[in-house]
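Take these sequences, add in the hints, and give me the full structure.
Residue numbers (our numbering), protein chains in the order written: chain A, 1 to 112; chain B, 1001 to 1113.
The set of hints was computed from the structure by calculation and includes no laboratory data. A quick note: this is a predicted structure, and the numbers were derived from the prediction, not measured. Quick reminder that beta carbons are idealized off the backbone N, C-alpha and C, glycines included. Hints are supplied without guarantee of correctness; some may be wrong.
[Claimed, not checked] FRET-style restraints, in silico, Cβ to Cβ:
(1) A/Gly-3 x B/Gln-1009: 27 to 33 Å
(2) A/Pro-61 x B/Gln-1112: 25 to 31 Å
(3) B/Thr-1068 x A/Glu-30: 28 to 34 Å
(4) B/Ala-1078 x A/Thr-15: 45 to 51 Å
(5) A/Thr-70 x B/Ser-1020: 40 to 46 Å
(6) B/Thr-1068 x A/Asn-28: 31 to 37 Å
(7) A/Asn-28 x B/Val-1044: 19 to 25 Å
(8) B/Ile-1080 x A/Gly-3: 47 to 53 Å
(9) B/Gly-1016 x A/Ser-80: 33 to 39 Å
(10) A/Val-112 x B/Tyr-1050: 40 to 46 Å
(11) A/Lys-14 x B/Ala-1078: 30 to 36 Å
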Amino acid sequence: NAGVTQTPKFQVLKTGQSMTLQCAQDMNHEYMSWYRQDPGMGLRLIHYSVGAGITDQGEVPNGYNVSRSTTEDFPLRLLSAAPSQTSVYFCASSYSGAAEAFFGQGTRLTVV
Amino acid sequence: GQQLNQSPQSMFIQEGEDVSMNCTSSSIFNTWLWYKQDPGEGPVLLIALYKAGELTSNGRLTAQFGITRKDSFLNISASIPSDVGIYFCAGPYSGGGADGLTFGKGTHLIIQP
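Right under this line is the structure:
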């Protein structure tokens, strides 16, 4: 009964480094999405996917890449980390975009 | 994406009190969702609303989809210590429902002993 699993839970990067945040869901949901949460800002949509092979940009996509090769996985890539990307990142999945989304426990990323 | 205004930003209440918070949108929504987030955790869905005027309860929580379709309300009756957390309203990012969600900035609920 895993639901949405995110790894790692914590990460510290140096400016300019790259990394991939992993997200996997076992509910066979077509829709997956990534959000970032900053103090006082709520959650903001980065990228989303309506199914394998299909992705699109959300509100704050710059500096992030995504791909969706399988229904289960939706990784988020930071190609060249910047201090402005210090945040808590949440992955979510749902059976439709505006339906009840299930969230992972988050990845706390610090870029120094 | 849509703009959601959530109020109040924070609430300091006594255990046992009732709580009311609301959320307004700059445009019409066809879905309203209410989430709660505990420290260090992801948001958890409390109530989903799909129809204007709809009133839905989940235990001590009651939420309403405003008839204008631009607002929603969440009430918590007889608050208890585990109600502490951040409450978010959310709706479709672009209104069409085919993508992700847009969130309000949250209401921090703090219960004083």
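Consistency of the hints with the structure:
no. : hint                               : result
1   : A/Gly-3 x B/Gln-1009: 27 to 33 Å   : 30 Å, holds
2   : A/Pro-61 x B/Gln-1112: 25 to 31 Å  : 41 Å, violated
3   : B/Thr-1068 x A/Glu-30: 28 to 34 Å  : 31 Å, holds
4   : B/Ala-1078 x A/Thr-15: 45 to 51 Å  : 49 Å, holds
5   : A/Thr-70 x B/Ser-1020: 40 to 46 Å  : 43 Å, holds
6   : B/Thr-1068 x A/Asn-28: 31 to 37 Å  : 36 Å, holds
7   : A/Asn-28 x B/Val-1044: 19 to 25 Å  : 20 Å, holds
8   : B/Ile-1080 x A/Gly-3: 47 to 53 Å   : 25 Å, violated
9   : B/Gly-1016 x A/Ser-80: 33 to 39 Å  : 52 Å, violated
10  : A/Val-112 x B/Tyr-1050: 40 to 46 Å : 44 Å, holds
11  : A/Lys-14 x B/Ala-1078: 30 to 36 Å  : 50 Å, violated
Hint check: violations occur at hints 2, 8, 9, 11; the rest are consistent with the structure.
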